[in-house]
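Sequences are here, hints too, so could you generate the full structure?
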Amino acid sequence: MATRKRLSPEESRTAALEAARHLLIETGPQSVTLKAVAGRIGRTHANLLHHFGSASGLQKALAQHLAETVCETIKEAVRASRAGLGSPREVVDLTFDAFDKEGAGALASWMLLTGNEDALDPIVETIHELVDEIAPEEVSHDGVQALHETTLTLVLLALGNALMGPALARSLGLPDTSARDRAERLLVASLARDPAQA
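To convert, note that position 162 of the sequence shown is 162 in UniProt numbering; the numbers rise steadily by one, no gaps.
A hint or two may mislead.
[To be verified] Across the chosen pairs, the derived CB separations fall in these ranges: (1) Ala-46 <-> Val-139: 36 to 46 Å; (2) Val-124 <-> Thr-27: 18 to 28 Å; (3) Lys-35 <-> Val-124: 38 to 48 Å; (4) His-128 <-> Gly-42: 35 to 45 Å; (5) Ser-87 <-> Glu-26: 23 to 33 Å; (6) Pro-136 <-> Gly-42: 38 to 48 Å; (7) Val-124 <-> Leu-49: 21 to 31 Å; (8) Asp-97 <-> Arg-6: 27 to 37 Å.
These are calculated hints, taken from the structure and not from any lab test. The C-beta atom is built at its ideal place from N, Cα and C for all residues, glycine as well.
Structure (structure tokens):
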């Protein structure tokens, strides 16, 4: 009989979140249950209850995990862009991919539909922290908040695109990349107006 490797609480939690992320991407947010995640990592339902408290707790932790992972990737892309090694399109693509291919859009809509609105708090807070870090001059929220406004538009475009963008674009006779193209133009224009953001 094979024995399971004993994981630290943090390793167990991380394994569960990665399994939940894979389930989200593969089969959608409705499949992110304690039972399914436990089965994926060879743990018990009770073990996951201990870490997350409920399916809602797991989903909220997954939202935070996704937000942190995605924002860290976007932060690196922004740094590369500022150093002349990246482009605004890379930032746009990372943002759109986070909501589409990484499942953040589906998870956000699922949370809203199931009445678990507070699960969006980690996503919103992490994005806010990212913007404050990238544009410290806007942190006081007193003056012009160009990057905050650009980020709001970019994230809402990415979320909307993840939910229905390609279908709507096709019905309007536009390329599937139309929303990404528009977001890139928005970001380029924003950077041209305020070179300090670049």
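Next item on the list: Find the hints from earlier in the document that the structure breaks and name them by number, from lowest to highest.
Entry: 3
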